[in-house]
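**Q** Residue-level listing of the chains:
2 protein chains.
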Amino acid sequence: MKMLQDSMADAAEAVQDTLDNLLELGGDPEDRVVEAMRYACLGGGKRIRPFMVLTTADMFGVDREAALRCAAAMEMVHCYSLVHDDLPAMDDDDLRRGKATCHKEFDEATAILAGDGLLTKAFEVLAHNDTHGDARVRADLVLALAQAAGNRGMIGGQMLDIVAENTELNMPEITRMQRMKTGMLISVACEMGAILGKVHPSLRHALLAYANDLGLAFQIADDLLDVEGSSSAVGKKTGKDAAAGKATFISLVGVKRARNQAEILSDQAISHLEVFADKADLLRQLARFVVERDN
Amino acid sequence: MKMLQDSMADAAEAVQDTLDNLLELGGDPEDRVVEAMRYACLGGGKRIRPFMVLTTADMFGVDREAALRCAAAMEMVHCYSLVHDDLPAMDDDDLRRGKATCHKEFDEATAILAGDGLLTKAFEVLAHNDTHGDARVRADLVLALAQAAGNRGMIGGQMLDIVAENTELNMPEITRMQRMKTGMLISVACEMGAILGKVHPSLRHALLAYANDLGLAFQIADDLLDVEGSSSAVGKKTGKDAAAGKATFISLVGVKRARNQAEILSDQAISHLEVFADKADLLRQLARFVVERDN
Numbered sequence: 002m003k004m005l006q007d008s009m010a011d012a013a014e015a016v017q018d019t020l021d022n023l024l025e026l027g028g029d030p031e032d033r034v035v036e037a038m039r040y041a042c043l044g045g046g047k048r049i050r051p052f053m054v055l056t057t058a059d060m061f062g063v064d065r066e067a068a069l070r071c072a073a074a075m076e077m078v079h080c081y082s083l084v085h086d087d088l089p090a091m092d093d094d095d096l097r098r099g100k101a102t103c104h105k106e107f108d109e110a111t112a113i114l115a116g117d118g119l120l121t122k123a124f125e126v127l128a129h130n131d132t133h134g135d136a137r138v139r140a141d142l143v144l145a146l147a148q149a150a151g152n153r154g155m156i157g158g159q160m161l162d163i164v165a166e167n168t169e170l171n172m173p174e175i176t177r178m179q180r181m182k183t184g185m186l187i188s189v190a191c192e193m194g195a196i197l198g199k200v201h202p203s204l205r206h207a208l209l210a211y212a213n214d215l216g217l218a219f220q221i222a223d224d225l226l227d228v229e230g231s232s233s234a235v236g237k238k239t240g241k242d243a244a245a246g247k248a249t250f251i252s253l254v255g256v257k258r259a260r261n262q263a264e265i266l267s268d269q270a271i272s273h274l275e276v277f278a279d280k281a282d283l284l285r286q287l288a289r290f291v292v293e294r295d296n
Numbered sequence: 002m003k004m005l006q007d008s009m010a011d012a013a014e015a016v017q018d019t020l021d022n023l024l025e026l027g028g029d030p031e032d033r034v035v036e037a038m039r040y041a042c043l044g045g046g047k048r049i050r051p052f053m054v055l056t057t058a059d060m061f062g063v064d065r066e067a068a069l070r071c072a073a074a075m076e077m078v079h080c081y082s083l084v085h086d087d088l089p090a091m092d093d094d095d096l097r098r099g100k101a102t103c104h105k106e107f108d109e110a111t112a113i114l115a116g117d118g119l120l121t122k123a124f125e126v127l128a129h130n131d132t133h134g135d136a137r138v139r140a141d142l143v144l145a146l147a148q149a150a151g152n153r154g155m156i157g158g159q160m161l162d163i164v165a166e167n168t169e170l171n172m173p174e175i176t177r178m179q180r181m182k183t184g185m186l187i188s189v190a191c192e193m194g195a196i197l198g199k200v201h202p203s204l205r206h207a208l209l210a211y212a213n214d215l216g217l218a219f220q221i222a223d224d225l226l227d228v229e230g231s232s233s234a235v236g237k238k239t240g241k242d243a244a245a246g247k248a249t250f251i252s253l254v255g256v257k258r259a260r261n262q263a264e265i266l267s268d269q270a271i272s273h274l275e276v277f278a279d280k281a282d283l284l285r286q287l288a289r290f291v292v293e294r295d296n
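These protein sequence lines are chains A and B, in that order. Note that the first sequence ends on residue 296 in the working numbering; no numbers are left out. Note that the second sequence ends on residue 296 in the working numbering; no numbers are left out.
No lab work stands behind these hints: they were computed from the structure. Using N, Cα and C, we set each Cβ at its ideal position, and we do this for glycine too. Hints may contain errors.
Stated by the list, open to error - Straight-line distance between alpha carbons at most 20 Å, and here's what the computed SDA-like set of lysine to any residue pairs gives:
#	chain 1	residue 1	chain 2	residue 2
1	A	K247	B	P30
2	A	K105	B	V164
3	B	K105	A	A136
4	B	K47	B	M4
5	A	K105	B	A90
6	B	K105	A	P89
7	B	K199	A	D135
8	A	K247	A	D135
9	A	K100	A	R39
10	B	K105	A	V164
11	B	K199	A	A136
As the list claims (entries may be wrong) - Here are some chain B residues the structure puts well away from chain A; computed CB gaps all over 12 Å:
#	residue
12	Q6
13	A13
14	G44
Based on the sequences and whatever the hints tell you, model everything.
**A** Spelled out as structure tokens, the structure:
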């Protein structure tokens with residue numbers, strides 16, 4: 002059985018190369034925005050979403066190049082959301098992945114444009130003939146990503162997070178917000194392999210069910226790190242939610258029950274993978290990993 | 002011959018209705034971002050880009066609903082660029098189309114998210130099955146728009162505009178910047194009808210040649226309005242370029258030669274339309290209009 006850590010490291014390296022190629026510098030004065038896009042994307046990170054794309058694509062024998070382009074597009078959208086989220090008008094963060102945030106390294110205007118550029122580039126990559134010979138697959142990829150990232154997905158979740166700053170959310174409301182804010186992008190990352198492989202809808206649904214539980218587990222683990230992790234290990238400021246008085250899983254049920262809930266969700270995620278037998282071993286390991294990681 | 006003003010008014014109304022439908026409110030707390038997206042899109046404007054989509058689509062007998070969806074997507078991208086461009090970190094404008102800018106009416110965080118949401122929604126609309134039954138057309142639409150709006154198009158042009166603030170651009174450099182910043186989106190607006198109609202590449206190229214000249218004429222006319230127009234007629238602050246010490250066509254060659262150049266470009270744009278005979282009458286009128294308008 003291939004081990005998760007090695008597979009994740011391999012995937013991260015391959016995605017890094019793909020991003021490096023796709024975000025090509027041309028030597029023009031406007032390349033400042035490409036430099037900022039590269040800064041936001043090439044600086045590391047766990048690459049969990051790209052890993053999901055590559056792993057599900059592998060399960061269905063998808064061409065590696067196609068999967069890598071989708072994985073890179075996925076990461077571009079994730080990174081764009083971080084760049085805009087870190088802006089002074091949003092979370093006002095100076096530190097991300099242990100480095101200065103994009104607007105600190107460049108400036109606010111460049112960071113806004115870099116985020117816009119990454120989002121746009123992601124759709125360009127997905128729609129391009131190089132990603133898949135079948136145009137229906139390309140259109141499906143664009144549609145799935147746009148729905149997950151848009152105002153009924155990630156953008157809506159971020160808005161909800163801001164709107165909720167002055168309200169006490171209850172558990173179902175927090176769950177819904179997290180589902181929109183981070184869960185839907187995780188779902189589409191797991192779905193992309195199935196779209197690329199043109200598999201039966203039942204398999205796509207099994208992956209979505211897995212991703213749904215995994216996304217929630219992932220978010221609770223993130224909240225736990227915000228409470229328990231050190232800033233240097235996590236690579237960004239911690240203790241932020243508590244300082245902002247934000248309701249999280251943990252503020253509502255406490256650390257112990259939150260950790261327990263994350264583990265239950267992780268088990269539940271794994272239970273949806275039965276149909277794939279041992280082909281889904283990496284996804285099973287991933288479900289363990291997201292609740293056990295320390296950064 | 003159908004008159005331009007009536008056609009533009011009809012198109013603007015139809016696009017308004019389509020945008021109204023596509024940007025549907027759901028009654029959820031996160032709908033604040035949809036309200037901001039609607040505020041940015043539904044408040045008027047000349048709708049020149051949507052008009053180009055509808056007019057070129059009509060030339061090739063494209064289904065009205067398909068054309069309207071593309072026209073709306075086009076306008077969403079245009080409006081997103083205005084919302085982000087008006088932000089304090091960018092142009093810091095308070096007035097747009099005679100109303101408070103999005104971040105003034107809402108707040109900066111909401112305006113950033115609304116812009117992101119509009120850009121994402123545009124691609125969702127284009128990729129959706131309702132836009133065209135042929136997936137290749139949908140993927141082509143996404144690709145064309147993403148390339149025109151991305152870091153080698155509009156975003157690159159905006160970056161260049163910022164980078165150039167402290168340099169004296171010469172005429173070819175200004176032309177290149179304007180081509181990227183506004184020209185490429187105008188080109189794709191004219192191209193969309195041809196993509197939807199699946200016409201011969203030679204016809205697509207004729208439209209692009211028209212759009213190329215038209216876009217430049219449009220920009221010079223815009224610069225002239227910035228110098229000569231009143232803030233109340235134009236609906237935004239005027240005299241900005243001069244105040245910012247920005248090099249424009251006009252600062253380089255003066256008002257008279259700039260106006261002359263715009264007219265030459267308008268004639269040149271029209272010359273590319275011969276192949277369409279009287280089918281392109283509205284496009285001819287449009288080329289006259291953009292250099293003669295007073296707002």
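**Q** Determine for every hint whether it applies to the structure shown.
**A** Against the structure, the hints:
Of the supplied pair hints, the one linking K247 of chain A and P30 of chain B holds, its CA atoms being roughly 16 Å apart against a limit of 20 Å. Between the alpha carbons of K105 of chain A and V164 of chain B the distance comes to roughly 17 Å, so the proposed pair stays at or under 20 Å and holds. About 41 Å separates the Cα atoms of K105 of chain B and A136 of chain A, which puts this hinted pair outside 20 Å; it is violated. Taking the CA atoms of K47 of chain B and M4 of chain B, the gap is near 16 Å; set against the 20 Å cutoff, the hint holds.
The suggested pairing of K105 of chain A with A90 of chain B holds, with an alpha-carbon distance near 13 Å, which does not exceed 20 Å. With a CA separation close to 16 Å, the supplied pair K105 of chain B and P89 of chain A stays within the 20 Å bound. Note on K199 of chain B and D135 of chain A: the hinted pairing holds, with a Cα-Cα distance of about 17 Å set against a maximum of 20 Å. Under the criterion of a C-alpha separation no larger than 20 Å, the hint pairing K247 of chain A with D135 of chain A is inconsistent with the structure, at around 45 Å.
A C-alpha spacing of about 13 Å is found between K100 of chain A and R39 of chain A, which places the hinted pair at or below 20 Å, so the restraint holds. For the proposed pair K105 of chain B and V164 of chain A, the alpha carbon gap of about 17 Å is at most 20 Å, so the pair holds. Taken as a hint, the K199 of chain B and A136 of chain A pair is honoured in the structure, with Cα atoms around 15 Å apart against an allowance of 20 Å. No Cβ of chain A approaches the Cβ of Q6 of chain B within 12 Å, the least distance being about 34 Å, so the stated non-interface status holds.
With a minimum CB-CB distance of about 24 Å to chain A, A13 of chain B clears the 12 Å threshold, and the non-interface call stands. With a cut of 12 Å on Cβ distances, G44 of chain B stays outside the contact zone with chain A, its closest approach being about 18 Å.
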